[in-house]
Amino acid sequence: MSPSSGRHDPAFQPVVELFDHYLESLEDYGAQLCLYWRGVPVVDRWGGVEASEDSVTGMFSAGKGIAALCIAALVESGELELDRPVAYYWPEFAAAGKADISVRTVLSHRAGMIGVPGGFTHEDLATGFSAREKLAAARPYWHPGSDFGYHAITIGMIMEGLFLAIRGEQLQAFHAREIRIGRGADVFLGLPADQDHRYVPVRPAHPDPALQEDLADLLAYWGNRDTLTAVAMNNPARTGGRALGDVSPNVPGIRAFGGSGHAATGTARGIARAYATAVGEVDGVPPLLSDETIARVSEQHSHGTDLVLGAEMAFAMVFMKPTRRLPFASHAAFGHDGAGGALGYADPLYELAFGYTPYPMQAPGGADPKAIELSRVAREVVRGLEES
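Just so you know, we're using my numbering here: the sequence shown kicks off at 4 and counts up by one.
Mixed in with the good hints, there may be bad ones.
Said to hold, decoys possible - Under the rule of at most 25 angstroms between Cα atoms (straight-line distance), these lysine to aspartate or glutamate pairs were calculated in the DMTMM-like manner:
1. K137 x D103
2. K137 x D229
3. K137 x D86
4. K137 x D150
5. K137 x E95
6. K137 x E172
7. K137 x E126
What the hints assert, rightly or not - Derived Cβ-Cβ restraints for the label pairs, each shown as a range:
8. E172 x V380: 12 to 22 angstroms
9. A298 x A102: 24 to 34 angstroms
10. H200 x R10: 18 to 28 angstroms
11. A99 x R10: 31 to 41 angstroms
12. S133 x V52: 52 to 62 angstroms
No lab work stands behind these hints, which were simulated from the structure alone.
Glycine included, C-beta positions come from ideal geometry on N, C-alpha and C.
Please take these sequences and the hints and turn them into a complete structure.
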């Protein structure tokens, strides 16, 4: 009997077999997995500890990709032009010498706006308004456009600030209306009170003992107030918190607000459907984005050693791009992972949309290697189908 439950197209049996292998062979592990191919769900499975069909958990930065779909909708409508200054739309952002920073520069993680002196408080992160005010008034941490570094928390604030300035409504409200409800994507930027009973708290990862020393060094580095990494992670040493503690969706206020950069919640099914409905027709509903807009927002602008993460990364407009280190899909793909291991993306080359949420968090952080392998097998299946 399969350790996972759900539905799948028999052609994608190799993906399900690998998923079941992980569920059978690993202790204290559960996950949801969903794939759409050509606008149709072909894998929708769940199993293991804590993961049920409808359970919702914290996705951390995987929500950046979902929020970026909302920003892409503004590009689609012509309301947002990537080469205009951010301050054209959001005048307060011009403070501290930032008048000329373009939307393209900031959304590709090249603006140096990774944090603020003193960090953000819990109240900042649970409401958004004061955080955006602090960020708009701050100076960049490097010369904008000269290099890139992951805007771990602030990219969400920037997206929210732009959206509010252009549309006069919260990005979260647009997402709820147009993507979560309008397109049936069970993923949340702000978990409503009537859905909170579905939430399964994020639990820490159980890293391989061989990684313990490396992880201890990493956490110590994050806590060193002198590093860009610590600033981008809201410098737990300065704020009196701990890494991820003040941004965790386990905190009710953080979860309810649903900051676009760090506090999304949802299901694998919701992640996959959000991407599927963005790039193609699903259930008779036209795609959110045209092929032209997809090409514009998924074009790679940053690649190399990330100043914040100290590792190889690649970014389009907010979206992550695959790299040799994180080969989660083809060169045409765009999406985002999360600190706990979640992964979501659309891959126009293979006509795939992918969603994965693990329980508990998976070491070493970022896209779970198991998700990357599941994605690889899915592409093998698609190649076989196209060749047959």
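Next item on the list: List in ascending order the numbers of the hints, as given earlier, that are violated by the structure.
Entry: As far as the earlier hints go, 8, 11, 12 are violated by this structure, in ascending order.
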